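**Q** Since chain P is already given, all that's left is putting chain L on it; use the hints.
Read top to bottom, the protein sequences are chains P and L. Each residue of the first sequence is one higher than the one before, counting from 216 in this note's numbering. Each residue of the second sequence is one higher than the one before, counting from 216 in this note's numbering.
The hints are simulated quantities; they were obtained by calculation from the structure and are not laboratory data. Any given hint might turn out to be false.
Claimed, not checked - With a straight-line cut-off of 27 Å between C-alpha atoms, the simulated DSSO-like cross-links for lysine-lysine are: (1) L:248 / P:313; (2) P:313 / L:226; (3) P:264 / L:301; (4) P:301 / P:239; (5) L:226 / L:264.
Only a predicted model underlies this, so the values are computations on that prediction, with no experimental measurement involved.
There are 2 protein chains.
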Amino acid sequence: MILEVATLYVKPELMPTFEADFVKASQFIAQAKGYITHELQKCLEQENKFILMVQWETLENHTVDFRTADLFEQWRTIIHPYFEPKPNVEHFVCVYPK
Amino acid sequence: MILEVATLYVKPELMPTFEADFVKASQFIAQAKGYITHELQKCLEQENKFILMVQWETLENHTVDFRTADLFEQWRTIIHPYFEPKPNVEHFVCVYPK
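So here's chain P without its partners, still in its complex pose (with noise of 0.2 Å):
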């Protein structure tokens, strides 16, 4: 199981509509292969960062199969005008429980 984690600043002018604007977008990412959850964390010390959590099978299914979908374009159409900077998105595996 692989942890996706994107950190993500919206632009101060849209924040207003941001969270219902990823609830929508959160359906096409839960109909991706290998997906397994998700959640995103909203940042306490500075108002527009926020970060996104992913559970997938595997590294591939994020980084090809997701990547390469229809869904990611639906996903990404509505979520990624949000963002400047683009965000920044690295992987993790689990070593603490294990």
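**A** Relative to chain P, chain L alone:
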């Protein structure tokens, strides 16, 4: 419920013992007031990068109760020598799913 996210860079020469010492240190944070759970995630893109995620009942359980507790000194003594630079710590609230 509050999610603490600490971004950790382990000194490369100390990588061989970090994960075992993290397990030893975990017993101290796990006894803290308001502690719910924690996990350590290892980055696939940067070998010495990790994220520590701790669920707390309240923000103050981390920033006040834990940081002023003897348990924090025991936790810190084991793991802080591993990090360079100093960990960046932020707090988040889950906005999806509600």
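**Q** Each of the hints needs a verdict: does it hold here or not?
**A** How the hints compare with the structure:
1. L:248 / P:313: Cα-Cα ~24 Å, so holds.
2. P:313 / L:226: Status holds; Cα separation ~22 Å.
3. P:264 / L:301: Holds: residue 264 of chain P and residue 301 of chain L sit about 21 Å apart, inside 27 Å.
4. P:301 / P:239: holds, 20 Å
5. L:226 / L:264: holds, 9 Å
This entry satisfies every hint, going by the numbered hints stated previously.
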